[in-house]
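Position chain B against the provided structure of chain A, taking the given hints into account.
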Amino acid sequence: MSRFELMEGSKAIAEAVALCRPHVISAYPITPQTHIVEYLAKKVADGETQADFSTVESEMAAASYVLGASAAGARTYTASSSQGILLMSEVLYNLAGMRLPAVITCANRAVSAPLNIWNDHQDSMAVRDAGLIQLYARDAQEAADLHIQAFRISEDSRVELPVMVCVDGYLITHAFEPVELPEQAEVDAFLPPRQTDRKLDPRHPLTFGAFADQAYYMETRFQLHQAVLRSRSVIEEVGADFTKAFGREYGKHVEAYRADDAAALFVGMGSMMGTVEDAVDELRAQGKKVGSLRLRTYRPFPADQICALIKENQKVGVLDKSISMGAGGILASEVRSALHAGSMRTPVTGFIVGLGGRDVTAETISRLLQRLEGPPADAVFVDLKPDLLGDLAETWKSTWETVATTQRS
Amino acid sequence: MAETLLTPGHTACQGCGEILAARMAIQAAGPNVIVVQATGCLEITTSKYPQSAWRVPWIHSLFENTASVASGIQAALRMMGTADGAKVIAQGGDGAFADIGFGALSGTWERGDNVLSICYDNEAYMNTGIQRSGLTPTLAYTSTTPTGSKQLGNLRPKKDLISIALAHGVPYVASATPAYPRDIERKVKRAMSIDGPSYIHLHSPCPLGWGFDGAKTIEVAKLAVQTGLFPVVEFVDGELVSWTRVVRPDPAEHYLQAQRRFRHILEPRNEEAIAQIQAVADANIRRYHLTESPPK
Chain A
199 MSRFELMEGS KAIAEAVALC RPHVISAYPI TPQTHIVEYL AKKVADGETQ
249 ADFSTVESEM AAASYVLGAS AAGARTYTAS SSQGILLMSE VLYNLAGMRL
299 PAVITCANRA VSAPLNIWND HQDSMAVRDA GLIQLYARDA QEAADLHIQA
349 FRISEDSRVE LPVMVCVDGY LITHAFEPVE LPEQAEVDAF LPPRQTDRKL
399 DPRHPLTFGA FADQAYYMET RFQLHQAVLR SRSVIEEVGA DFTKAFGREY
449 GKHVEAYRAD DAAALFVGMG SMMGTVEDAV DELRAQGKKV GSLRLRTYRP
499 FPADQICALI KENQKVGVLD KSISMGAGGI LASEVRSALH AGSMRTPVTG
549 FIVGLGGRDV TAETISRLLQ RLEGPPADAV FVDLKPDLLG DLAETWKSTW
599 ETVATTQRS
Chain B
412 MAETLLTPGH TACQGCGEIL AARMAIQAAG PNVIVVQATG CLEITTSKYP
462 QSAWRVPWIH SLFENTASVA SGIQAALRMM GTADGAKVIA QGGDGAFADI
512 GFGALSGTWE RGDNVLSICY DNEAYMNTGI QRSGLTPTLA YTSTTPTGSK
562 QLGNLRPKKD LISIALAHGV PYVASATPAY PRDIERKVKR AMSIDGPSYI
612 HLHSPCPLGW GFDGAKTIEV AKLAVQTGLF PVVEFVDGEL VSWTRVVRPD
662 PAEHYLQAQR RFRHILEPRN EEAIAQIQAV ADANIRRYHL TESPPK
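From first to last, the protein sequence lines are chains A and B.
If you're matching positions, the first sequence starts at 199 in my numbering and goes up one per residue.
If you're matching positions, the second sequence starts at 412 in my numbering and goes up one per residue.
Just chain A, with the same shape it has in the complex (with noise of 0.2 Å):
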């Protein structure tokens, strides 16, 4: 029997790593992760949890403390957010570099200056080319199930890379929402203990580490690459075993909402999504024929799937919580490049949305609509405010323009 309680998304995190029965976890603190560590703690302090526990000094220690347990075959978890993913990603790319299982939470968190505490994706986004694999979660419970899954996913003998599961911060982390736990012993049937002969041990000394010149390094990172996209099949796979142990449904890369006969699609990862959901319903209500598709799976990246979801004649808005500082929103970038190499010509509008915590509500979500009826474009940032930009207030309505900008006023 399953347990199912309001909680907040943080402590359903913490619970699922919990029954994942992890060796080593270590973790140093920042908001908004730091609620997910505290349950983990407590749980170890009152010995409900075998592990050890470490408070390290920084990021960069606990990640490191993570790819040394790794290493000696030991399960392995940390979380972070902002900062700290950027002070750990010389580490990440040696853990995915080396070939080393281990799950680590983003609590997606902007990034400084200035310095803000609230939701983005340019945390996570920054290191999507470490050779990790990234899932981005919808929910608290998506949020639970998927590190459940991370841990299964990672340890594969197919893939043994690390996982990254990405979580809106304060809108997960913080969120009460009824969750649904397994029990101990359903997920220890799901997820046996870690096996790998490929660790630090004293009777069979193995060099981990090495370093490769130019006569090998390039094939080192061909087969990452490879296995990074192994996995996708690996993902499938356990998602769709979680859906016949859990019964929830799991398994595919991409989610698509009533996508099928829409003419406008928003196409985004996230928490966000939830409310891009709710907007399609109203927005469907008044006779508009919008659809959403969300990425559960980012990396690797499921280009084919979303090739296949749209449409030649559907116009297509991205919403990106990040972007790449003078090329423009990411997600849009990629999904105009897969649907390039698919040769579609599907127009694609790069919205960036939601940095540093500003809300992107059901009424934005209509206001896109609106936009995505004038010329495609990239990087139109939305619902800034034109009083604070200066000289660069035209700048930026000539991006965000006609339709949207005569409708608000």
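It is worth saying that the hints were derived from the structure and are not from the lab.
Misleading hints may appear alongside valid ones.
[Claimed, not checked] As a list, the in silico SDA-like pairs of lysine to any residue whose alpha-carbon atoms are at most 20 Å apart: (1) K569/B x A694/B; (2) K241/A x R489/B; (3) K459/B x F409/A; (4) K459/B x R419/A.
[Stated by the list, open to error] Selected chain B positions facing chain A (Cβ under 10 Å, derived; list incomplete): (5) Q448; (6) W469; (7) I470; (8) S479; (9) G483; (10) I484; (11) A515; (12) T519; (13) I573.
Bear in mind that the values here come from a model prediction, so they are computed numbers and not experimental data.
Glycine included, each C-beta is placed from N, C-alpha and C at the ideal position.
Using the frame of chain A, we list chain B on its own:
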């Protein structure tokens, strides 16, 4: 003869003090260890894919996180119950421990993690071409503390890692040099028996970086001790329990003469600079009672 654990075929320079010290240390530690290696000469010269000079489990992660990785390994062994008495050794150079990985080392000590940390101190960033570190001695030339009309090499004193380790309450803290192999062996074995953090600071003369003939490594290492410039000491639970006695210390100048990195204060002769380095030696001699017999 025990199996060689750091094998020939590595690419270290002839006369490298670090590789000598490392081989002595790993032979003393024995095969039941896991070695965590910081980026640096010892890493680059022993692990060039597809070969490895190590016959013990060995991992290199990054430059600055060596102690943290070691901490994670010992935690994993403890939690999985697979330790079988295996000891985790974190090792790296002066840059790795005194500079970029200083915070990680401090964290491992402060948490009391069961890790033996060994710093191979060759007193500069040798792997990148002899740049100054926090352990570069007073007035030494490095490529980033060059000599010029306004500067006589490195202006700052050497950071005192032994005292910093002691301030953390590390129960076993010692220094040693490849000039005295038996001393390294004894100290490594003692450190291996500590259930908690331990720290060994190994002076590692660098022919290339210091400017001496690779045949003279041991001679230079001995001079560092005999002048009092590198005190060989041992602390147990914060108490100074032994030191290598220097009955009649050599003048510091003898040590300076043996190395090109100090040539700028000898040619032309700079009495003030020589006196400044002699004062460092004198302070060590007084502080650690180096001219006296250690207690038995």
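**OP:** Please write out, lowest number first, the hints stated earlier that are contradicted by the structure.
**Re:** 13
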